[in-house]
Structure formats: structure tokens, C-alpha cells
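Asker: As a plain string of letters, each chain reads:
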Amino acid sequence: MSIATTFSWSLRHAFARPTWTLTEPFAVERKFPRPSDVRLAVDNLNLYINDAHILKNVSVSIPQNKITCIIGPSGCGKSTLLRTLNRLVDTNEGIKISGNVNFGTQDIISAKGSDITEIRRNIGLVPQRPCPLPMSIYDNVAYGCRIHGIRKKAKLDVIVRHYLEAVGLWEEVKSRLNAPANGLSIGQQQRLCLARSLAVEPSYLLADESTSALDPISSKKIEELFVKLKENYSIVMVTHTLRQALRIADYVIFMYLGEVIEQGPANEVFNNPQHSLTKNYLSGAFS
Amino acid sequence: MSVKLKFIEEKIARGFMLLSILIVLFFVLNVLYAVLRRGLPVLTWEMVSSLPGGGFYIGKEGGFLNAIVGSLYIVLASTTIGLLIAIPVVFYLNTYLKKTDRFAYVARIAYDVLFGIPSIVYGAFGFTIMIYLGLRASLLGGIIVESLLIIPILIRTLDEVAKNIPQDLLDSSYSIGSTRIETIGVVVRQIAPAIATATLLSIGRSIGDAAGVMFTAGFSDSIPTSLSQQAATLPLSVFFQLSAPQLEVQDRAYAAAVVLTVIVLILSLSGRFIMNFFSKNKI
Ligand SMILES: Nc1ncnc2c1ncn2[C@@H]1O[C@H](COP(=O)(O)OP(=O)(O)OP(=O)(O)O)[C@@H](O)[C@H]1O
Ligand SMILES: [Mg+2]
Chain D
474 MSIATTFSWS LRHAFARPTW TLTEPFAVER KFPRPSDVRL AVDNLNLYIN
524 DAHILKNVSV SIPQNKITCI IGPSGCGKST LLRTLNRLVD TNEGIKISGN
574 VNFGTQDIIS AKGSDITEIR RNIGLVPQRP CPLPMSIYDN VAYGCRIHGI
624 RKKAKLDVIV RHYLEAVGLW EEVKSRLNAP ANGLSIGQQQ RLCLARSLAV
674 EPSYLLADES TSALDPISSK KIEELFVKLK ENYSIVMVTH TLRQALRIAD
724 YVIFMYLGEV IEQGPANEVF NNPQHSLTKN YLSGAFS
Chain R
1369 MSVKLKFIEE KIARGFMLLS ILIVLFFVLN VLYAVLRRGL PVLTWEMVSS
1419 LPGGGFYIGK EGGFLNAIVG SLYIVLASTT IGLLIAIPVV FYLNTYLKKT
1469 DRFAYVARIA YDVLFGIPSI VYGAFGFTIM IYLGLRASLL GGIIVESLLI
1519 IPILIRTLDE VAKNIPQDLL DSSYSIGSTR IETIGVVVRQ IAPAIATATL
1569 LSIGRSIGDA AGVMFTAGFS DSIPTSLSQQ AATLPLSVFF QLSAPQLEVQ
1619 DRAYAAAVVL TVIVLILSLS GRFIMNFFSK NKI
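Sequence order for the protein chains is D and R.
For the first sequence, the residue numbers in this note's numbering are 474 to 760.
For the second sequence, the residue numbers in this note's numbering are 1369 to 1651.
Check the hints yourself; a few may be wrong.
To give an idea of the chain D side of the interface with chain R (calculated C-beta under 10 Å), a few residues [what the hints assert, rightly or not]:
| hint | residue |
| --- | --- |
| 1 | Glu566 |
| 2 | Cys604 |
| 3 | Met608 |
| 4 | Pro653 |
| 5 | Ala672 |
| 6 | His748 |
Here are the computed lysine-lysine pairs in the DSBU-like style, where the Cα-Cα straight-line distance is at most 30 Å [as the list claims (entries may be wrong)]:
| hint | chain 1 | residue 1 | chain 2 | residue 2 |
| --- | --- | --- | --- | --- |
| 7 | D | Lys647 | R | Lys1650 |
| 8 | D | Lys628 | R | Lys1648 |
| 9 | D | Lys626 | R | Lys1531 |
Don't read these hints as lab results, they were simulated from the structure.
Just so you know, even glycine gets a beta-carbon here, dropped at the ideal spot from N, CA and C.
Assemble the whole structure, with the sequences as input and the hints as a guide.
Answerer: Now the structure itself:
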């Protein structure tokens, strides 16, 4: 999309009146083709930030259509790992990476140009701190679709409503879709960011503590949403709430000081941890 | 320090702040008063709506519409050009270059230096180049020199704000697959209030600038109809009339100054209004 079109819709949307044309029930059909091969595997990944060794020999493969929970104490590199998976680490300074991260047949680490944006669309990251874009609630959800070429208002209306309903935000915001997104509460912003990521139909959804600012009821709702989304998406979530991991994880990765200590199906790791560090962490020895 | 002393300390500090506000207000109001007192009584509709007649500068009939229009042409064109150059530069400095980048460092220092250069130097510089190219003083020359003058102002003011755009915000945009250039929409919305402030600053600077346009835009008693014609400007009009010996001509200089002030007021109020409208979304 060119700068001119960016500006033209900035202008148009600044003056747009809230109009909701949709009356009949709707369904969102797939807008972007699904890549044929969506396996995501990390092999022997080492990452340095300014000579600090942040990720050490990380090898994981993310199972498909499952919920993978990454657990581990604060500062162990969970967010950094997620950010490596969709190349957001590029924005950090002094980064040095070695190893392989493969998405299907594509090497994520050496990807260039439009491959990177496709990777990011396919592997969506919901950031740890919710950060709505400086535009209206409607535009926040529609933004991703617009930059990927979907501009028709009727179509966008359907998409926006669908994903806002999916994250349980629709009822709360339907009367103020054109209001600035910064007026939402933190929990609402978190759900908005989730909707924004879902709207571009990623194959993977990387959720970095997406329920940290939510009350128990809303976070249960998000958990239910994740369980429902498993059909079409593979979900990787970071969580500090072990109960949450116990409830919904299919696969668990335990990290400690930049290393993957243990990984495996959830019931094995939770019921029969092999490593003493995992045992300690699960019994609450350190958090 | 006892609690009571702290309290007194705060009172003194507040006193100083109030005092400095009062001092500034005093001078602003004084200037306004001086301008209005001499300018308003002689300001007539004829002055703002007609061109200078034959003997205008010795006190005969006519007005300074030529200067009003010339100034507006130069200010509007140079502000537009300035923004079109400054926004991409700021965008590049802050999203394409890393925070520790050498080039960005040097560029910022260069803009700092340019920021402090007086407009007469820009005028002289523009004049030299125009002579070299065989051009004469013209509207175009004035626009170019004023653009040069305000670009550093725009860049430095916007850059200060753009530096503080949270990385999370850019990341959010990237993480749904937008390229850097697509992210300019996000950046511009986020810094919209700063764009307003910077624009107002530079309008103020360029509309009040006499030295830069003196050699480059020249002066003329008619409204320029093409970029290659000379153009009058309000500050120069004020200057010429003020240096006349006749008292009534000097009074007219004040009338021109009143018009200048009113134009600045209108431009800045509308600038604020427009940008407030766009800044409601800021994170
Ligand atoms: N830009 C950076 N420069 C230097 N060190 C960094 C940078 N970003 C992250 N780190 C370091 O990398 C390590 C991993 O950080 P990361 O954010 O991935 O932790 P985390 O596991 O997500 O922690 P939390 O659970 O608190 O979010 C930390 O020790 C952190 O200090
Ligand atoms: Mg983290």
C-alpha cells in the first residue's frame, strides 16, 4: 500500500460517521490462502543481545492445532523466543542469531523482504503489553486486512464484527466503534489486540501473557476461545499462571535462564516432570 | 528539612513560576498594545483590500494587499514543502535507523546546527545560489529559502516526539505483517499533536521573517502571478513603511503589523483545531 492511500484512508476515516450497514447474519470466509506447509520448528537456536546470551541451544517443535504453553520464571527468554518466531527481534539492537527456525520449508531467520511480512501475518504475535494502534476500535481490527489488500467496507464490517465477537468485545464496544481505541480498559485493549491479530488469519497465534490483565471470568473466556481456535490455528501462549496452563495446555515447554529444560505433552510434564528444575518450578519453588 | 520549610520552599517556587508567567505576559501585552494603539486607528478596509497606489509609500492612497498575498503564498507553500520533507525524514530517522546509528547521530547534529542559523544567512546563501544559476529574486526563491529555514525546525520538533513513540506500538503494527512504510500511517497519527505544534512554530517563524526573503523574494507592488515574479511580504512592507520619515506612513506600518498578527492568530488557531481533531487517537 502506498503512502498516498495510507493518507487517504487516514483522512477518510477521520471524517467518517459511524454507519453500520450490516443486518443479516454473517460468516467470515477465509480471505488469505493458507500455506500448504505450516510446520514450525526451532532447531539449535542461539540468540545474543549485546553479547548477552539470551537463548541457549533452543530446539522446539510446535505441534499443530494444539495449545502450547511456554512456562518459566520471569526473564528466562519466553518473550524473546516468541519474538524470534515472527522476526520481531529485528527491531532490537545488537541482535545476533544462529540456528534454524523453519516455517514449513521456509527459513525464518534468513527470510527477506515480503517473506518477512508474510511470516508475520502467518505467525501473529499478541504483545505482552497491550498496545492498540492510534486509531478507532474499528480501524484497529480492520488495519491488518486493509494493509493486506481488503478494503471493501461491507467485507470489513463483517470481519470486524466477527472477530470482536470472537474475543467477547462486541457487546461492550458495538456502540462506539469509531471511538479511539485508547479509551478502552487494559483488559479490553488486550482483547482488541487479540482480535486484531486474529483478523489477518494467522496459522500460528503467539500470545504473550494475553490474559494477564483480565479478570478470572474474561480470562476463562479467552481460554475457551483458544480451545475453540485450536481447530484452525496453532496457539503458543506464554503464561505465568500454572493453573491456566494445566487447564488448557496440550503441550508444555519449560524454560529456565534461556534454555529449554523440558518439553512434552502437558500431562507428562505436569504429572511426571523429569528434571528437578521443572519439579521445583511446578511446586512453586521459584516463580 | 522540616515539613514546614518544604512548604515554604514550594510557595517560593510557585511564586517564581507565577512571576515568570507575568513577565512574559507583560511583554506580550505591551507589544500587542503598542502595535494596536498605533495600527488599529489607521487600519482601513482599503488597506487590506487594495494594492499600493502611486504614492503609497509617501502617504497617498492604496493598501498592502500585495504583501498579504505574497506572505500567504510563501508561508503556505514553504510549510507544505517543509512538512512533505520533514515527515519522511523523521520517519526514516526513527523507524529505519537504529537508535545508536552513526548516520542518524550526525544528521541530528546537522539539523541542530541548521536550527540555529539566522535567516539572513539562509537568505544570503539562497541569493548566492540564485546569482550562480542566473536567477533573479522571485516568489520561488522566497519559497525555497523559507522552506530551508523551517525544515530544521520541523524536523527537530517532530523528531523529539517521534523518539518517544513506544517500540511496542511499532511492533504491534509490524506483527500483523505491515511493512515499515505502511507503518507511517501509525506514526503520523501518533505524532499528530507534535505535527500541529511544529507547523505552528514554523509558520510563525516564516511569516515573520524579513531577512530571508529580502534578497530572494524581492518586493513588488503587484500580486505575483507566476513563480518567477517578485513577491512582496508583510515584514518587508512593515520595514519599508517604518523607515519612511512621514508619521502617517509609519502608522501604516503598524497597521500592517496588526494584519500580520491577526493572520498568525488565525493560522495557529485553525492549525490547533485541525490537529486536535486528528490527535484524539493518540496512545
Ligand atoms: N533489548 C534488550 N537488551 C538487553 N537485554 C534484553 C533485551 N530484551 C530482553 N533482554 C533480556 O533477555 C532476557 C529475556 O527477556 P524476555 O523478555 O524474553 O523474558 P520473559 O521470559 O518474557 O520474561 P517475563 O516473563 O518477565 O515477560 C532478560 O534477561 C532480558 O533482560
Ligand atoms: Mg515476557
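Asker: All hints, please: hold or fail.
Answerer: Evaluated hints:
1. Glu566: Hint on Glu566/D: holds, closest Cβ of chain R at ~5 Å, below 10 Å.
2. Cys604: 4 Å, holds
3. Met608: 5 Å, holds
4. Pro653: Where the cut-off is 10 Å and the nearest Cβ of chain R is about 4 Å from Pro653/D, the hint holds.
5. Ala672: Since chain R brings a Cβ to about 8 Å from Ala672/D, closer than 10 Å, the hint holds.
6. His748: Hint violated; His748/D Cβ to chain R Cβ min 32 Å, cut 10 Å.
7. Lys647/D / Lys1650/R: Distance of about 21 Å is within 30 Å: holds.
8. Lys628/D / Lys1648/R: 26 Å, holds
9. Lys626/D / Lys1531/R: This hinted pair is violated, its Cα atoms lying about 34 Å apart.
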